[in-house]
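*Asks:* Okay, here's what each chain looks like letter by letter:
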Amino acid sequence: MAEVRLVNIAKSYDQGQTWTLKDINLNIGDGEFIAFIGPSGCGKSTLLRMICGLEDITSGELSIDGEKVNDWPPNERRVGMVFQSYALYPHMSVAENMAFGLKLARAQKSVVDERVDEAARILQLQALLERKPKAMSGGQRQRVAIGRSIVQQPRVFLFDEPLSNLDVALRVQMRQEIARLHRRLKTTSIYVTHDQVEAMTLADQIVVLSPLAQGAASNLEQVGKPLELYHHPANLFVAGFIGSPKMNFFDGVIEKNGEQETHVRLTTGETLKACVDTSKADPGSRVVLGIRPEHTLAETDNGNAVDGRIEALERLGAESFIYMGHDTIREHFIVRVEDSLRREEGSKIRIELSPEHCYLFDANGVAFRRTRAPEIDQ
Amino acid sequence: MAMVQPRNLKYRVWSARIVMWLFLLIILFPFFMIISVSLRTGNFATGSLIPQNPSLEHWYLALGIPWENADGSITQPPFPVLTWLWNSIKVAITSSALILILATTGAYAFARLRFRFKQQMLTAMMILQMFPAVLALVAIYSLFDKIGDYIPWLGLDSLGSVTIAYLGGMALHIWLIKGYFETIDNSLEEAAAIDGATPWQAFRFVLLPLSVPILAVVFILAFIASIAEYPVASVLLQSMDNLTLAVGSRQYLNPQNYLWGDFAAAAVLSGFPITIIFLACQRWIVGGLTSGGVKG
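Quick mapping for you: the protein sequence lines, in order, are chains Z and U.
The numbering of the first sequence is the numbering used here, which starts it at 1 and goes up by one.
The numbering of the second sequence is the numbering used here, which starts it at 1 and goes up by one.
Any given hint might turn out to be false.
Said to hold, decoys possible - Capping the alpha-carbon separation at 25 Å, the derived lysine to any residue pairs in SDA-like fashion look like this:
#1 Lys134(Z) with Met174(Z)
#2 Lys118(U) with Gln17(Z)
#3 Lys178(U) with Pro66(U)
#4 Lys132(Z) with Gln282(U)
#5 Lys273(Z) with Arg315(Z)
#6 Lys103(Z) with Pro199(U)
#7 Lys103(Z) with Lys118(U)
#8 Lys178(U) with Val172(Z)
#9 Lys246(Z) with Ala135(Z)
#10 Lys246(Z) with Leu227(Z)
#11 Lys348(Z) with Thr371(Z)
#12 Lys103(Z) with Leu208(U)
#13 Lys256(Z) with Gly284(Z)
#14 Lys132(Z) with Val212(U)
#15 Lys273(Z) with Val172(Z)
#16 Lys22(Z) with Gly224(Z)
#17 Lys134(Z) with Met126(U)
#18 Lys134(Z) with Gln120(U)
#19 Lys134(Z) with Ile184(U)
#20 Lys273(Z) with Thr371(Z)
#21 Lys103(Z) with Thr198(U)
#22 Lys134(Z) with Thr183(U)
#23 Lys348(Z) with Gly284(Z)
#24 Lys134(Z) with Val172(Z)
#25 Lys178(U) with Asn242(U)
#26 Lys68(Z) with Pro199(U)
#27 Lys178(U) with Pro80(U)
#28 Lys246(Z) with Arg183(Z)
#29 Lys132(Z) with Leu208(U)
#30 Lys178(U) with Gln120(U)
#31 Lys134(Z) with Trp284(U)
#32 Lys134(Z) with Ala216(U)
#33 Lys280(Z) with Leu297(Z)
#34 Lys134(Z) with Phe205(U)
#35 Lys273(Z) with Gly317(Z)
#36 Lys134(Z) with Phe272(U)
#37 Lys132(Z) with Lys118(U)
No lab work stands behind these hints: they were computed from the structure.
From a predicted model like this one, the values you see are computed outputs, not experimental measurements.
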């Protein structure tokens, strides 16, 4: 178990002409479960591969347990990694796969057997120890891959999208197994995923990364607890990325600013109230107002509402999503409703946006503080 | 599953079989000819395929056993054929093993490491390989002549020189093995590195065991090429006891006296090591060795 510290970590594949990662600073505490999340191309897997030594670090400092490990090869860092593709040794049995690292380290046979047996017991692989990988299902293979890193007793577990190749039911089950494993072993873990449900359910802290924009100082968008990212996204990117379906954004200007409440005039002329602190912003400045689909209310009107037309309906049974057109909306205005049997495409609808659930971002995408959102323990 | 077949299928299957049998006969005919010649009395290249007076004379002489003629005179074996065969096997096994070692490590570098001029080197190797070794005979001769001044066992008229000269044909093998390495997912070696393996250990314990089929193929190809090689060996080897079988067999064919029977027996003999090596290596040539390791 160990702490992992990243100081000003940056990565460039072409001697600094273009950067994949820039100015990443992170402190990962002993025993913490951290998830890296972001769209494809944001460098989350690259960052993970830099931590385990499969990619070199262009600049910055990486330390594990207080030791600077930038120049250590992967075999000396004592980290465990679970690959998306499993990467099992196809010519070895399950037991040999798990024992491979210990045998290289010339561990005593009794130690090897004991650790392999224990890992097999934890992961319920006892019956499969003599099998070759090709005779196993995807879920079993991924369990072997996890077992292989457990027997090494690494200081840090690294997971590179371990569940992406599994079907949905198995993914849910393996997600719980990984959570159970972490509760049991309490090893510092770093988990890369593009699936926010995995990140939200597994992680103590989530690190949101974005593809590095031209001239941006860093692509580290926000670090926080799962609900903190949901209720208090630091910026437009995090707000749009966390939550499914994604948050709706309206363009507008501040009509009246305030410490508790703000009035925003949309470009269509409708005025909406939002419970955010804009005391430091000027009236008339351009803003983006956000509301999540699950916080909209169809066909009620307490004065904080917009009109629109139903463009498409998605009926999922337990809930339905209405895709609406609105002149100031970016992309679609998605509204979640409990049932939509009586609604038809093309009909007009009025949607209420409750002020305490509204988010507000300035012209640079930085969030204003929400005044009535739940506080998250730091 | 029984697929619906057209009605005239039977007729087409039979005609395909007949064509294939005919083709097989054409391929095998020269081989039967050689065996037939080696069993004929006297040294005749022409004659019926089934020898009229079968005799083991040529085989006795090829195997180094004196042959007693019908008139009671004894014919001594003219040449040390078994020594030549043994020389051929020694050269072929040593050069094939060296080719395997060097080509595998070379292919690893080309498949896995990043260095400058990699693509150019690969292309250059291929182009250089296209020039026949025969064109370089003069160079090969004088090179080994000079080397022999310092290292006698690598000089002219030594099996060492032939062995080393045969390593020159390696570019093709490097390409072959490199192509195979590239089908093996890199993440296996990355997993090994994280398991604590050095790059050498990842190569030795993960990549190599998975590449056994291509290594067996390369060994067989190098072995056959070395057994059958004539021009280089004929220039480098001189004394009777140092010849390989391919060069030695030529001794039977004197301008005035072609000993076709003895030649045929020696030729069949040279096929034995190839057959044995092929049968031994065959069990390594299997598919599906890498399946199940990675997904995606």
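*Asks:* Starting from Lys134(Z), check that the Cα of Ile184(U) is at most 25 Å away, please.
*Replies:* Holds, because 15 Å separates the two Cα atoms, which is no more than 25 Å.
*Asks:* Against the 25 Å threshold, does the CA-CA distance of Lys178(U) and Val172(Z) hold or violate the hint?
*Replies:* Violated, at about 40 Å.
*Asks:* Between Lys273(Z) and Thr371(Z), is the straight-line Cα distance small enough, at 25 Å or below?
*Replies:* Given that 25 Å is the threshold and the Cα spacing comes to 12 Å, the pair holds.
*Asks:* Hey, Lys134(Z) versus Met174(Z), does the alpha-carbon distance stay inside 25 Å?
*Replies:* Roughly 20 Å separates the two Cα atoms, so the pair holds.
*Asks:* Is the Cα-Cα distance between Lys256(Z) and Gly284(Z) 25 Å or less?
*Replies:* Holds, at roughly 8 Å.
*Asks:* Check whether the Cα positions of Lys103(Z) and Pro199(U) lie no farther apart than 25 Å.
*Replies:* Given pair Lys103(Z), Pro199(U) holds - Cα atoms ~16 Å apart, limit 25 Å.
*Asks:* Between Lys348(Z) and Gly284(Z), does the CA-CA distance stay at or below 25 Å?
*Replies:* Distance ~30 Å between Lys348(Z) and Gly284(Z) Cα, so the pair is violated.
*Asks:* Check whether the Cα positions of Lys273(Z) and Val172(Z) lie no farther apart than 25 Å.
*Replies:* violated, 39 Å
*Asks:* Holds or violated: Lys132(Z) and Gln282(U), Cα atoms, limit 25 Å.
*Replies:* Holds: Lys132(Z) and Gln282(U) sit about 23 Å apart, inside 25 Å.
*Asks:* Take a quick look at whether Lys246(Z) and Ala135(Z) sit within 25 Å of each other, Cα to Cα.
*Replies:* violated, 40 Å
*Asks:* Would the pair Lys132(Z) and Lys118(U) pass a check requiring their Cα atoms to be no farther apart than 25 Å?
*Replies:* violated, 36 Å
*Asks:* Does Ala216(U) sit within 25 Å of Lys134(Z), going by the straight-line distance between their CA atoms?
*Replies:* holds, 23 Å
Hint violations for this structure: numbers 3, 5, 7, 8, 9, 11, 15, 17, 18, 23, 25, 27, 28, 33, 35, 36 and 37, all remaining hints satisfied.
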